[in-house]
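Engineer: Residue strings, one per chain:
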Amino acid sequence: MRTHRSASPWLFLAPGLLVVAAFSLYPFLSTVAHSFTDARTLTEGRFTGGANYRELIQDAMFWTGLRNSVLYVLGVVPLLVVLPLLLAMLVQRQIPGITFFRAAFYTPVVASVVVVGLIWVWLLDDRGLINALLDGLGFGRAGFLSDPWLLLFSAMTVTVWKGLGYYMIIYLAALANVPRELHEACAVDGAGAVRRFLTVTVPAVRPTMVLVAALSAVNAFKVFSEVYLMAGPTGGPGGEDTTLVMLVQQVGTGLSGRVGYASALSVVVFVITLGLMLLVLRANRREDA
Amino acid sequence: MSERVMARPVRARGRAEREDGTPAAVPRGRRAGRRPPRWSLLLRYLLLLAVLALTVGPFLWQLSTSLKGPGEDIYRYPPSLVPHRATLANYGEVARIIPVWDFALNSLKVAAANAVTNCAGAALAGYALARMRFRGRRAALVVFVMAMLVPVESIMIAQFVTMRELQLNNTLLGVVLPGCIGGMNVLLMRNAFAGLPYEVEEAAFVDGANAWQRFVRIALPSVKGTLAVVAIFAFMGAWDDFLWPLIVLSDQSKFTLTIGLNFLHGTFADNQRLVAAGTVIAVLPLIVLFACLQRYFFRGVGEGAVKG
Numbered sequence: 001m002r003t004h005r006s007a008s009p010w011l012f013l014a015p016g017l018l019v020v021a022a023f024s025l026y027p028f029l030s031t032v033a034h035s036f037t038d039a040r041t042l043t044e045g046r047f048t049g050g051a052n053y054r055e056l057i058q059d060a061m062f063w064t065g066l067r068n069s070v071l072y073v074l075g076v077v078p079l080l081v082v083l084p085l086l087l088a089m090l091v092q093r094q095i096p097g098i099t100f101f102r103a104a105f106y107t108p109v110v111a112s113v114v115v116v117g118l119i120w121v122w123l124l125d126d127r128g129l130i131n132a133l134l135d136g137l138g139f140g141r142a143g144f145l146s147d148p149w150l151l152l153f154s155a156m157t158v159t160v161w162k163g164l165g166y167y168m169i170i171y172l173a174a175l176a177n178v179p180r181e182l183h184e185a186c187a188v189d190g191a192g193a194v195r196r197f198l199t200v201t202v203p204a205v206r207p208t209m210v211l212v213a214a215l216s217a218v219n220a221f222k223v224f225s226e227v228y229l230m231a232g233p234t235g236g237p238g239g240e241d242t243t244l245v246m247l248v249q250q251v252g253t254g255l256s257g258r259v260g261y262a263s264a265l266s267v268v269v270f271v272i273t274l275g276l277m278l279l280v281l282r283a284n285r286r287e288d289a
Numbered sequence: 001m002s003e004r005v006m007a008r009p010v011r012a013r014g015r016a017e018r019e020d021g022t023p024a025a026v027p028r029g030r031r032a033g034r035r036p037p038r039w040s041l042l043l044r045y046l047l048l049l050a051v052l053a054l055t056v057g058p059f060l061w062q063l064s065t066s067l068k069g070p071g072e073d074i075y076r077y078p079p080s081l082v083p084h085r086a087t088l089a090n091y092g093e094v095a096r097i098i099p100v101w102d103f104a105l106n107s108l109k110v111a112a113a114n115a116v117t118n119c120a121g122a123a124l125a126g127y128a129l130a131r132m133r134f135r136g137r138r139a140a141l142v143v144f145v146m147a148m149l150v151p152v153e154s155i156m157i158a159q160f161v162t163m164r165e166l167q168l169n170n171t172l173l174g175v176v177l178p179g180c181i182g183g184m185n186v187l188l189m190r191n192a193f194a195g196l197p198y199e200v201e202e203a204a205f206v207d208g209a210n211a212w213q214r215f216v217r218i219a220l221p222s223v224k225g226t227l228a229v230v231a232i233f234a235f236m237g238a239w240d241d242f243l244w245p246l247i248v249l250s251d252q253s254k255f256t257l258t259i260g261l262n263f264l265h266g267t268f269a270d271n272q273r274l275v276a277a278g279t280v281i282a283v284l285p286l287i288v289l290f291a292c293l294q295r296y297f298f299r300g301v302g303e304g305a306v307k308g
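Protein chains in written order, with the numbering used here: chain A, 1 to 289; chain B, 1 to 308.
Hints listed in this document are in silico derivations from the structure and should not be mistaken for laboratory results.
Computed from a predicted structure; not experimentally measured.
Using N, Cα and C, we set each Cβ at its ideal position, and we do this for glycine too.
Nothing false has been slipped in among the hints.
Pulled from the structure, derived: some chain B residues nowhere near chain A, Cβ distances all over 12 Å: (1) Gly69; (2) Ala86; (3) Tyr91; (4) Leu172; (5) Asp207.
Quick partial rundown of chain B residues pointing at chain A, CB under 10 Å, derived from the structure: (6) Leu41; (7) Ala120; (8) Val143; (9) Gln159; (10) Phe215.
Input sequences plus hints: build the corresponding full structure.
Structural biologist: Following this line, the structure appears as structure tokens:
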């Protein structure tokens, strides 16, 4: 490679840098700046110091949102770390028709979250398929979409269902790197399938499990669409099911949107997201050492 | 740090393809001796079918609902997946109530624009980062990494305000712009270019080809696979996006399909047949697109990986 003294590298970089600066970095800085003001959609706002953050701590809705977002991480991450791994092991072997199954298992990933959400609303409806089956089997109907707690779990189910295929592909790659000899040696020693899974497969794909945990945790924490679609724009009765990002959207948009306050909420979302990522990556580094 | 996160699955994915795609890589003789018993293969297929029912079943149920006429009880027990007398009437009805084809056209415009801008912008920037040496290269790289790290959800209000200042709220351009060149795509393209052997370009340089010519004639044709991945991801991402269009668009005539569906769901929640027809219209093109491109798609992921 030779050093360019001309402007040509910058001409190549210009569109990308411009877009990223205008629509990612500048908004980020302005979010931080706005979070210290009382700006609204149509007014600039004055500097109010930490007033937004003080208000946030006393805001019951903030705590509800935070609780739901954290619950979402706790509920979704273990399932998304384990289930796609099992799924990947299922589709790993090259048997006739396996490419079809892989692609089919990936369909929920391809579909829009809105489509997926509406499909599940229909399945979980009071008169929907799942309740009809439950009723038919004599269990009675459950308020999957009306009970605040059940609704949150229903939304988690949808998130897990939609995420399975995506993480399956990541695991498939990792599994291909597990040396077959190890499995065979283990089998010769008389280890059963479960034993081999725990002593060979899991240690070999552990870095990938950490990666999946990080990705799914960050995504789960930012959940919006699933809950929005199933609980409605206000997050169910009394906003019981509102998540943090839903709150940002509710508070910050519209003609009377409180941009300043929503920005403070956004900063919290950003800090926690970053924290989650660092936490998992740090665990990973210790693993590598 | 984040680069590591990105690089890892992608690189690994490539190996998966190689191993799975060509089973010959495994010494045949050794495996032939211990073929898995027949019942274990059968069990595997049974499990595969069970998962298939779980992942694809809900889509089929939705499709089935959309085909049931008003004379058929969609809440019937036991439920029937096959409509008694299949009808397309619900699709006509949806199109009569909301301009669903206009929404689809809006989605198509947004998604196509996103695919094109991401391919072009990310390829240009990725090429410069991978193939040119200049002052400030590291700084430029850091900018893209940082952009990738900032979650869209935490800057959407500021983006919304920015769009208002640019008078782009409630336009499709406003929907496209924030995601039109993704930091992650730039890094993907950079990895793909970095993996190409340098000698060919060196030869072209000696022959007097300038940077642009080397980029267009030599480098770009070698990374078609990664370009395809970027295009597919960008297209799908834009077609499926919900949160950002929901924030930017307020005028019904500008709605994309996802926003239109949400509107349909809110207004006609009682008529499940119509909502079902709407979702099928939104998801079918993508499934077809994916089914057609999935070979290319997986191969492309592999290409970026092996060489990156």
